[in-house]
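K.L.:
Okay, here's what each chain looks like letter by letter:
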Amino acid sequence: MYVAVKGGERAIDNAHAWLSEERRGDASVTELSVAQIREQMTLAVNRVMAEGSLYDPDLAALAIKQARGDLIEAVFLIRAYRTTLPRFGASRPMDTGTMACDRRVSATFKDAPGGQVLGPTFDYTHRLLDFKLAADGEVPPAPEAPEGAPPAKAPHIMEFLDREGLMQRDTDSKTLPRDLTREPLELPATRDLRLQALTRGDEGFVLGMAYSTQRGYARNHAFVAELRIGKVAVEMDIPELGFAIEIGEVELTECETVNQFAGSKTEPPQFTRGYGLVFGMSERKAISMALVDRALRWEELGEDNLGAPAQDAEFVLYHADNIQATGFLEHIKLPHYVDFQSELELIRKLRREAAAAAQDAPREAAE
Amino acid sequence: MTVETKEKTRDRQAWMGLLGRAEARDLARLWEGFGPLPAHEILRAPEIGGVMLRGRMGAVGDAFNMGEMSVTRCSVRLTDGPDGHAYVQGRSRDKALQAALTDALMQSDAADEVRAKLLDPLAEIESQRRASRAAKAAATKVDFFTMVRGED
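So the protein sequences, as listed, match chains A and B. So the first sequence is residues 1 to 367, counted in the working numbering. So the second sequence is residues 368 to 519, counted in the working numbering.
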């Protein structure tokens, strides 16, 4: 148990002053601007927005600067800020079918209608350090297709399997989703809550859980039917206007997986789906989310519980949040003097008793 | 709703959407060229808040909550003129005020001028940015073909 302590104000002030100095680093090296972080550390910014649950690249960049690049600390800052914002409402569900895709690949159909678009990807790079980046150097603009832009909208690849009836369908029942930032997460958690927890969950944790399903814990051989990244409009109903308007646009990564499914008591043999949708360009996270989403659906699909960690909603959902985890983990470094005193008393007492018993034992044996 | 009001609504949705998506610095620069802010009364001072963004399970199913987006809203009334409203992405109070004034002016006699000097250039900036990204994406389009494996 943590018991409040007093004192140490001057030490704390000095520690924070030193933190600021250390954050700045060597003053002879140019200071980083928030805009530089926003523009050049984009994927870190994306991660902080996704796990911080707030789409605002400027604030995420500021948080990364303030946190000295500690992304979980930055997520913490964003979460704290987010709670101070009045909520104006909720958007209409975003239509990823209208996405302006920077990237769109399918591992299941090589002739995906609309084509496979690699976008600005790390795939097929050799993962060799590029020492040119250590020197100054302007990058030439990326080539543009001579024929210009293709038709804006690309249909979801899943639609083609849907049409053949080989795919378990997701349907819109118009149910309002629950919000785990407004009410505590209770189990059993419906899929809306699970997806919310996963999209804001720690990337490393969700990746590890997803990887465990691939290695055989709740095996669900997944194909990436489609992975798309791009901008999607945000539309909201405005009460004072009486109609909906677009209030902005956000970059999203969406992953749809298709999984083998042999059928169950309630469902015929068909493909089933896992779904990932994450703020920003967050490919690893979106694929991981889709795999874990699929594993957590065992009950509604009538599959067996194999006792795998990724099938255990309580385990996954209660451990995915890196701010909750950090808070509980790190509080044990704060003063626990009173607690520890009693532990110390107890261990001394036990040792006295054990020593006394040891002294008595040979005497008893001798008698 | 009559056909005429439907069309008017669609038109207004289009410019409000354009203002919502615009970069604050682009709108500020265009307003500088446009002139001083018109006389107005503030109905709701620029206010920063959040909007919960929703996605759909499997892209087409039930909605779920993803996370919030920062949004600034503002409402104004032109002196002897119509009201203007704004809900715009980001935390720029200036952008929200300028967007609300633009919305109000678009419902006034100044609409043609505002469209020519503010909205058209804003739309041009957006369409150029989109076209450039789309053309770059198109340049990375691939055709994978399946090789016959070596084994028998």
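The set of hints was computed from the structure by calculation and includes no laboratory data. Quick reminder that beta carbons are idealized off the backbone N, C-alpha and C, glycines included. There's no promise every hint is true.
Unchecked claim - Straight line, CA to CA, 25 Å or less: simulated DSS-like cross-link-like pairs of lysine-lysine:
{"#": "1", "chain 1": "A", "residue 1": "K231", "chain 2": "A", "residue 2": "K153"}
{"#": "2", "chain 1": "B", "residue 1": "K503", "chain 2": "A", "residue 2": "K231"}
{"#": "3", "chain 1": "B", "residue 1": "K503", "chain 2": "A", "residue 2": "K110"}
{"#": "4", "chain 1": "A", "residue 1": "K231", "chain 2": "B", "residue 2": "K508"}
{"#": "5", "chain 1": "A", "residue 1": "K110", "chain 2": "A", "residue 2": "K174"}
{"#": "6", "chain 1": "B", "residue 1": "K375", "chain 2": "A", "residue 2": "K132"}
{"#": "7", "chain 1": "B", "residue 1": "K503", "chain 2": "A", "residue 2": "K153"}
{"#": "8", "chain 1": "B", "residue 1": "K508", "chain 2": "A", "residue 2": "K110"}
{"#": "9", "chain 1": "A", "residue 1": "K231", "chain 2": "A", "residue 2": "K110"}
{"#": "10", "chain 1": "B", "residue 1": "K484", "chain 2": "B", "residue 2": "K375"}
{"#": "11", "chain 1": "A", "residue 1": "K333", "chain 2": "A", "residue 2": "K6"}
{"#": "12", "chain 1": "B", "residue 1": "K484", "chain 2": "A", "residue 2": "K153"}
What the hints assert, rightly or not - Computed beta-carbon distance windows for the label pairs:
{"#": "13", "chain 1": "B", "residue 1": "K375", "chain 2": "A", "residue 2": "T84", "range": "34 to 42 Å"}
{"#": "14", "chain 1": "B", "residue 1": "A506", "chain 2": "A", "residue 2": "R163", "range": "25 to 33 Å"}
{"#": "15", "chain 1": "A", "residue 1": "E186", "chain 2": "B", "residue 2": "E414", "range": "29 to 37 Å"}
{"#": "16", "chain 1": "B", "residue 1": "P403", "chain 2": "A", "residue 2": "P120", "range": "23 to 31 Å"}
{"#": "17", "chain 1": "B", "residue 1": "E371", "chain 2": "A", "residue 2": "D237", "range": "38 to 46 Å"}
{"#": "18", "chain 1": "B", "residue 1": "P403", "chain 2": "A", "residue 2": "T30", "range": "33 to 41 Å"}
{"#": "19", "chain 1": "A", "residue 1": "Q324", "chain 2": "B", "residue 2": "E414", "range": "23 to 31 Å"}
K.L.:
Please go over all the hints and tell whether each is borne out by the structure.
P.N.:
Structure-based check of all given hints:
1. Restraint check: the Cα-Cα separation between A:K231 and A:K153 comes to about 11 Å, which is no more than 25 Å; the hinted pair holds.
2. The straight-line distance between the Cα atoms of B:K503 and A:K231 is roughly 15 Å, inside the 25 Å bound, and the hint therefore holds.
3. For the hint pairing B:K503 with A:K110, the CA-to-CA distance comes to about 21 Å; that is within 25 Å, so the pair holds.
4. A C-alpha spacing of about 18 Å is found between A:K231 and B:K508, which places the hinted pair at or below 25 Å, so the restraint holds.
5. With a CA separation close to 34 Å, the supplied pair A:K110 and A:K174 exceeds the 25 Å bound.
6. For the hint linking B:K375 to A:K132, the alpha-carbon distance of about 55 Å lies beyond 25 Å, and the restraint is violated.
7. For the proposed pair B:K503 and A:K153, the alpha carbon gap of about 16 Å is at most 25 Å, so the pair holds.
8. Between B:K508 and A:K110 the alpha-carbon distance is near 12 Å, which keeps this suggested pair within the 25 Å criterion.
9. The hinted pair formed by A:K231 and A:K110 meets the criterion: a straight-line CA distance of about 24 Å does not exceed 25 Å.
10. A distance of roughly 20 Å separates the Cα atoms of B:K484 and B:K375; the hinted pair therefore holds under the 25 Å criterion.
11. Using a Cα cut-off of 25 Å, the hinted pair A:K333 and A:K6 holds, with the two alpha carbons roughly 16 Å apart.
12. Pair hint B:K484 plus A:K153 does not hold up; C-alpha atoms about 30 Å apart against a cutoff of 25 Å.
13. Range check, B:K375 to A:T84: about 37 Å between beta-carbon atoms, so the 34 to 42 Å window is met.
14. Look at B:A506 against A:R163: about 31 Å separates their beta carbons, and that is inside 25 to 33 Å.
15. Range check, A:E186 to B:E414: Cβ separation about 33 Å, and the 29 to 37 Å hint holds.
16. For B:P403 and A:P120, the Cβ-Cβ distance of about 42 Å falls outside the hinted range of 23 to 31 Å, so the restraint is violated.
17. One distance hint, 38 to 46 Å for the beta-carbon pair B:E371 and A:D237, is violated here, with the actual separation near 22 Å.
18. Under the hint 33 to 41 Å, the C-beta atoms of B:P403 and A:T30, about 38 Å apart, fit the expected range.
19. Between A:Q324 and B:E414 the Cβ separation comes to about 30 Å, which falls inside the hinted range of 23 to 31 Å.
In this structure, the earlier hints numbered 5, 6, 12, 16, 17 are contradicted, and the remaining ones agree with it.
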